[in-house]
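Novice: Using the sequences and the hints given, assemble the complete structure.
Read off the chains here:
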Amino acid sequence: MTDISAQPVIRVEDLHVSLRRRRDGATIHAVNGVNFSVGKGRTLGIVGESGCGKSTAAMALVRLLPKSAEVRGAIHFDGRDLATESQAALRRIRGRKIAMIFQDPMVALDPLFTVGDQLAEPLREHLDLDGEALHARQVELLQAVGISSPEARLKQYPHQMSGGMLQRIVGAIAIACNPELLIADEPTTALDPTAQAGYLELLERLSETYGLALIVVTHDMGVVSRICHDVMVMYAGQTVEYGPVRAIFDQPRHPYTQALLASIPHAVQPGACLPTIEGQPPDLAALPPGCPFAARCPKVVDRCLAEAPPAVEFAGGQRALCWRADER
Amino acid sequence: MHGAIAPTREGASPGRPSRKSKWRSLPWVAIVMLAPVIIFGLFGPLLYLHDPTTIDLLNPQKPPAWLEGGSAAFPLGTDQFGRDLLSRLIEGARVSLIIALGGVMVAALIGIVAGMASGYFGGLVDSLISQVVDVKMSLPAILLIILIGAAIGGGMATVLASIILLFWADYARVIRAETLSLRERGYVQLAKVANASHMRILTRHILPNLFGTCIVLITLQVGRAILIEASISFIGLGIQPPATAWGLMVYEGRAYLATAWWLPTFSGLAITMTVLGTNLFGDWLRDALDTRQSTL
Amino acid sequence: MGQYILKRLWRALITLIVISMLIFVIARVTGDPIAYLASEDASEQELAQVRAQLGLDRPIYVQYALYVGDALRGDFGNSLRYNRPAFEMVLQRLPATIQLSLIAFIVSTVLGIMMGVLAALRRDTWIDGALRLLAVLGQSAPNFWIGILAIMIFGVHLQWLPTSGRVGPEYLILPALTLALFSMASVMRLTRSAMLETQTQEYVKFLRAKGVRESQIIFKHMLRNALVPVLAVLGIQLSHLVGGTVIIEIVFNWPGVGRLMVEALLNSDLPLIQAGVMLIAISVVLVNLLVDLSYGLVDPRIRIE
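Chains as they are written, first to last, in the numbering used here: chain A, 1 to 328; chain B, 1 to 296; chain C, 1 to 305.
By construction, these hints were calculated from the structure, which means they are not laboratory data.
Glycine included, each C-beta is placed from N, C-alpha and C at the ideal position.
It is possible that part of the hints are untrue.
Not the full set, but computed from the structure, chain B residues with beta-carbon under 10 angstroms of chain C [stated by the list, open to error]:
#	residue
1	ILE142
2	ILE145
3	ILE152
4	MET156
5	VAL193
6	ALA194
7	HIS198
8	ILE201
9	SER267
Result set (DSS-like, lysine-lysine): computed pairs, CA atoms no more than 30 angstroms apart in a straight line [as the list claims (entries may be wrong)]:
#	chain 1	residue 1	chain 2	residue 2
10	C	LYS7	B	LYS136
11	C	LYS220	A	LYS155
12	C	LYS220	A	LYS97
13	A	LYS97	A	LYS67
14	A	LYS155	A	LYS67
15	A	LYS155	A	LYS97
16	A	LYS67	C	LYS220
17	C	LYS7	A	LYS155
Specialist: And the structure:
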């Protein structure tokens, strides 16, 4: 994002995603006008609380949404607009040019098939590999993600491995066909702290080695500060702040970002109360006019309730959607 | 065959039927099917058109009222002895219902007590009871029935014994599992600390929470029990003539397939409707009470 | 897997022992076998002699041991009614019953799974609704009634198929289909719910993210996972089928063990009952073992502890 001359790997323009709620058919506006881009070798963190739409936005990039979902906007990738491509075309992109990994490695793999079999699937499907070449590539991949005795591991079943190891295998499957973009949805949330650090390191290394563009969806600001170059803060389906991690951590412009950063336990003095954000996020099926955060915002003014705030640009590529963004 | 994935849980909350549709969500089909059976079961003798046991040799094998030769006096026709089919079906409803309900209740009683004891006390008691349940489960139903038939001979006792011995273990298994999980709940632990007696804990804290599961199981079992009774009577080992039972009526009617088809047809239809009613109702009940037992 | 097999074998053995004991006890309790063997006006002395001859004055566990010994050699005595070796009579009828239940088993399993998969893939469409209705009807209608209706419609009115006896392959059609109905319904419902369950599993999401073809996801992954719980209940299905065979054999006059058993029960023909029960028990236990073994083969979590 800071290097404007380089063509981004993926550029999302005004993305809207609405879902149909099964129980009563109401329309949920999960994502409401999101814009971002990620360059080669760069890592973008998408952060927000549960229900803010970050996972939906991530899955929308490869259109891994339920049949009833509606996607509007543009997703520019590889010279095409993924928002309008057919499911058949998208299937060829998934796993091949854009890979995705999810939160819980223990359930990510089919328990009835070997790890090797499931690693081979994208290789067979997208690269048409077979026999010796296939096997060699499998071993190479396991080694790349730091798994010892790869030959033995290939023949094992998921239930025979630990969470940390499984998540590495999931990573190996993801990079199997040398994708340009890797989307990781809460990749370390289900891992224990030691494994978490190791995994983030792995993601960083992969990104550097293969020039992988990386999108990490997380609720943990710590993860963002650790490996992300840029960050997008989401709330109620909208971007509220966006920009380089350093800049946003140094000087958050949106009250929500400020509150998020203030609530990190590290930021709080020992003995002091842990600050929280009062209230609940709005119902995505019935969004109020104006700024979605207005109801809980400590800096709210009348204008916030009536009009949706514009994007206010700052130096270094930072922008915040707030009527009072430029106040200190 | 498009990809249909469960939507991300963001923004969605577990559903409860809205107020308006509470009446609509009742299983009307099941209720419509069961209502006549229950009414006949309760008020049977008051509703007979004719005495089901009176033999009337002037009117043998009359067809149902809407066919040629039939009359409104005998809406569903008569059997080979001139007995009104509808009245016999009503009588049969009483018999089937009493036997099925009676048998299932006894089975439930035994099974629930066994299951609770097994789950609550654990240890040797659990071991013993579980072994018995396991052995029973591995016996094919038909063998059990044959053994009972060999021991007792035919008659209502055989039917009742079969129902009880076939079904008690289903309750034991399910109740044991539920009791095991309930035993670890907070309020049970609290009661233990407060030195409540076992009986008190079992009756005040555990039993009420088993209610939902029990009701669903009983409803489904009643249907199965009716099928068992009908099958045993059909073989000739169950209710004996001149008593009336639906299964027996189908068997007797079999000989008249070509000449009086309504005899076996409507008797079997009565069984089917009743069992269908209990199955549909039981399924609805299971969903409504949200019991987590998928093995019901 | 070794442990799993051993446990199953042990369970099978216990089952057979319990059944044999129950039969033995029932036989001894329900009547003095001597009455059949000695002449009507035999004196007490003569009766005592016969008893000693047959070993009926020995302690009960010795009698049981003798009984088991005989049983293992296939000696259950003679049928009281037909005066032929009971074991032989049952063995002679066994192939007919096995044929009927095997065909019904295959039909109900294969068709049940196919319909269940179809219903799951076409969830909430009219196909799903129709199949589910069929399933609940299949579980509610007594099989003897369906059989009788089938005879009326296909046999008496349309005259398409034979309805009595076992002369050629076409005689198998109506009985097998009628017998399969209940099981087919159960298998269909279970397969459908298992398939729907797999649809919400995380690995399906990941498979799509990998770009695996939809057909491969459904038939290689989802179906195989859905079959695991279905396989677990196949043993129970078999039990139901064996029970149903008895009824169907009567309805369609099929010359199998079931019909023989019912006759024997109505005649209190104990040797025949004993022989039949033991043979049925052994067959059922054996097949259950096979099903349990295949279950271990399909699910690696059981195979590899």
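Novice: Compare the structure with each hint and give your call.
Specialist: Results for each hint:
For ILE142/B, the shortest C-beta to C-beta distance to chain C is roughly 4 angstroms, which falls under 10 angstroms, so the interface hint holds. Here the hint on ILE145/B is kept, as its CB sits about 8 angstroms from the closest CB of chain C, short of 10 angstroms. Because the beta carbon of ILE152/B sits about 9 angstroms from the nearest beta carbon in chain C, less than 10 angstroms, this interface hint is met. A least Cβ separation of about 16 angstroms between MET156/B and chain C goes past the 10 angstroms threshold, and the interface hint is therefore violated.
At a threshold of 10 angstroms, the smallest CB-CB gap from VAL193/B to chain C is about 38 angstroms, leaving the interface hint violated. At its closest, the beta carbon of ALA194/B sits 41 angstroms from a beta carbon of chain C; the interface hint therefore is violated under the 10 angstroms criterion. Here the hint on HIS198/B is broken, as its CB sits about 31 angstroms from the closest CB of chain C, past 10 angstroms. Proximity of ILE201/B to chain C is violated relative to the hint, the smallest CB-CB distance being about 33 angstroms (cut-off 10 angstroms).
Of the supplied interface hints, the one on SER267/B holds, with its beta-carbon coming within about 8 angstroms of a beta-carbon of chain C, less than 10 angstroms. With a CA separation close to 16 angstroms, the supplied pair LYS7/C and LYS136/B stays within the 30 angstroms bound. For the given pair, LYS220/C sits about 18 angstroms from LYS155/A by alpha-carbon distance, which is consistent with the 30 angstroms threshold. Between LYS220/C and LYS97/A the CA atoms are separated by roughly 24 angstroms; this keeps the pair inside 30 angstroms, and the hint holds.
Annotation: proposed proximity of LYS97/A to LYS67/A holds, straight-line Cα distance about 23 angstroms (limit 30 angstroms). Restraint check: the Cα-Cα separation between LYS155/A and LYS67/A comes to about 36 angstroms, which exceeds 30 angstroms; the hinted pair is violated. For the given pair, LYS155/A sits about 27 angstroms from LYS97/A by alpha-carbon distance, which is consistent with the 30 angstroms threshold. Annotation: proposed proximity of LYS67/A to LYS220/C holds, straight-line Cα distance about 22 angstroms (limit 30 angstroms).
For a cut-off of 30 angstroms, the pair hint linking LYS7/C to LYS155/A stands: about 27 angstroms separates their Cα positions.
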